[in-house]
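On the provided structure of chain A, position chain B as indicated by the hints.
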Amino acid sequence: MIQIEGLSKHFGDHHVVECVSFSVHSGETLGLLGPNGAGKTTTIRMLTGLVRPSSGKITVGGYDVLKNPIEAKRLFDISPQEASLHPHLNIAEDLYFYARLRGLNRSDARKRAQETLRWAKLEEHASKNGHQLSGGMQRRLLMARALITDPPILYLDEPTTGLDPQSRHALWDYISELKGKKKTIILTTHYMEEAEMLCDRVIIIDCGKIIADGSPSELKRLMGVDSILTLRLRQSLSPSDLQLMQRVPGVIGLHCSNGCISMQLRDKEALDEIVVTASRLAGINELNLKEPSLEDVFLHLTGRGLRE
Amino acid sequence: MIPRAVSASLVTFEREIYDYRKNILFFALRNLIQPFFFVLVIGVGLGSMVNMPGRQSYLGFMLPGILMMCVVQVCYQHFSSEIWMSKNHEGYLELLTMAAPIKPCEAVAGYLLTGIVIAFFAVLCFLAPITLFLPGFQISYPALILLTIGLALFFTSAGIVVGVTVLDPHNLATVSIFVTMPLTYLCGVFFPPEMYPPAARVLIEIIPLTQAIEGLRSGAIPMFEIAYVWATAALAVVFAAWMFERNMHL
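Here the protein sequences line up with chains A and B, keeping their order.
Positions in the first sequence are counted from 1; adding 48 to them yields this note's numbering.
Positions in the second sequence are counted from 1; adding 3 to them yields this note's numbering.
So here's chain A without its partners, still in its complex pose (with noise of 0.2 Å):
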């Protein structure tokens, strides 16, 4: 549905994408990972054209994005991060509006204006403007808007960013309906567990390179960890017991910090000694054993400096 080749941007000497490759297939969802000015957003912009690429080729449903804008937009719609909100429309309006850019003619996009606010629940708020709606509220008006021709394909660049909790579950929802209807979506977002739930692939996009591409039980077996222990101590553990217990059979990775350490473990044989070593070097408060999440591997491929 989507293809990629050797997809380059850069403004100047900085090279924000580097020949990035990549295909989605109609009906899978992906989810574009990585941390603060990695690319994802510039990626998501050459999609839709907003950026032309310094090199490379973007098909749309067989469609080159540059040469035939028009054919692969009507396949197409996105969610922007920013909301882009009219000062003088309301809601009903806005959604009118934007149906008619979509190519819809008057009385389709009232009718798919009322539909999507429905879809939306924010009937109600039909007459507000878009800027006094909450953060939710708005997010889920862009949602609306993504859907206002029922396009086959949905670019969500972070469509949760900011929420609270309630709204961001909300949000999944109407996602997760999406995903059910084989929409092809392609979704960006700085939320581990969200792309964990929500996402059939995960891409990790580091400096503007792909450094994993899978399913997020691939990425996780890739990082070849069994498990991640966490341990509470007692006592904070100077650098020689902490080398000790580095030099444990089995711990593979150790990060310490607030008092606590967690250990990436091959294979839950180590489980013994690494508890009788804590408990005799520092003690143990709390003792914590899980599965390695998607955020795990992130860290362990983006490592964990500040990005800014």
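Just so you know, these hints were derived from the structure itself, not from any lab.
Computed from a predicted structure; not experimentally measured.
A virtual CB, placed ideally from N, CA and C, is assigned to each residue, including glycine.
Treat the hints with caution; some may be incorrect.
If you want a taste of the chain B side facing chain A, the calculated C-beta under 7 Å gives, among others [unchecked claim]:
id: 1; residue: Val14
id: 2; residue: Arg18
id: 3; residue: Asp22
id: 4; residue: Lys25
id: 5; residue: Tyr61
id: 6; residue: Asn91
id: 7; residue: Glu93
id: 8; residue: Leu98
id: 9; residue: Thr100
id: 10; residue: Met101
id: 11; residue: Pro104
id: 12; residue: Pro107
id: 13; residue: Ala202
Below, chain B without anything else, positioned relative to chain A:
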């Protein structure tokens, strides 16, 4: 069946006109305020002390200039601010580029059509009270229509170019002053361009507003002036479409 390009242009027109209609009283007042003070202070007040050659009053001399000036200001100011807001504040142009199956030149065509309509609305706002209070005021309506269309296209294009290229809102106000202020005072609204030294006159005559004012004052259907205004408008439209497309992509 309407061709896709025409219906795409009409969508932009429909949206712009809908927005304009929502604030029509505000726009009508905005259209009238400056011409009203020009007519009152300069036309009636200062004009009573000016002796014009022949029988024409100074107010009668000035009115065609004010009328054309109205068209310039309405089109330029409306579109420079509207496009700037759409691009830099509302994010509408970004959305248009990302999601609407509309070519940039089709969106520009919609803006130009809107420019012509709001120019005629400004002319109507000005002419209605003038006809009421100065029943003797005469003007060539075919010339007025053709020159209004030409000027509207030229200055809507200028507004579009400024709206898509200027980023800083302070610069937007500054550029507007540099565009409209010299046009108001130099293009023959208040005195005939013959009064300029020959070298300066050549420069002033290049500006389509000067030609439009002179053409409207001539009373008949001024073929040269209409052709000149339309030719410069055609160039401006092509330039605006090119600039719009160039600035819509990052």
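Each hint, compared with the structure:
{"no.": "1", "hint": "Val14", "verdict": "holds, 5 Å"}
{"no.": "2", "hint": "Arg18", "verdict": "holds, 5 Å"}
{"no.": "3", "hint": "Asp22", "verdict": "holds, 5 Å"}
{"no.": "4", "hint": "Lys25", "verdict": "holds, 6 Å"}
{"no.": "5", "hint": "Tyr61", "verdict": "violated, 40 Å"}
{"no.": "6", "hint": "Asn91", "verdict": "violated, 11 Å"}
{"no.": "7", "hint": "Glu93", "verdict": "holds, 6 Å"}
{"no.": "8", "hint": "Leu98", "verdict": "holds, 5 Å"}
{"no.": "9", "hint": "Thr100", "verdict": "holds, 5 Å"}
{"no.": "10", "hint": "Met101", "verdict": "holds, 4 Å"}
{"no.": "11", "hint": "Pro104", "verdict": "holds, 4 Å"}
{"no.": "12", "hint": "Pro107", "verdict": "violated, 10 Å"}
{"no.": "13", "hint": "Ala202", "verdict": "violated, 43 Å"}
Consistency with the previously given hints fails for numbers 5, 6, 12, 13, ordered from lowest to highest.
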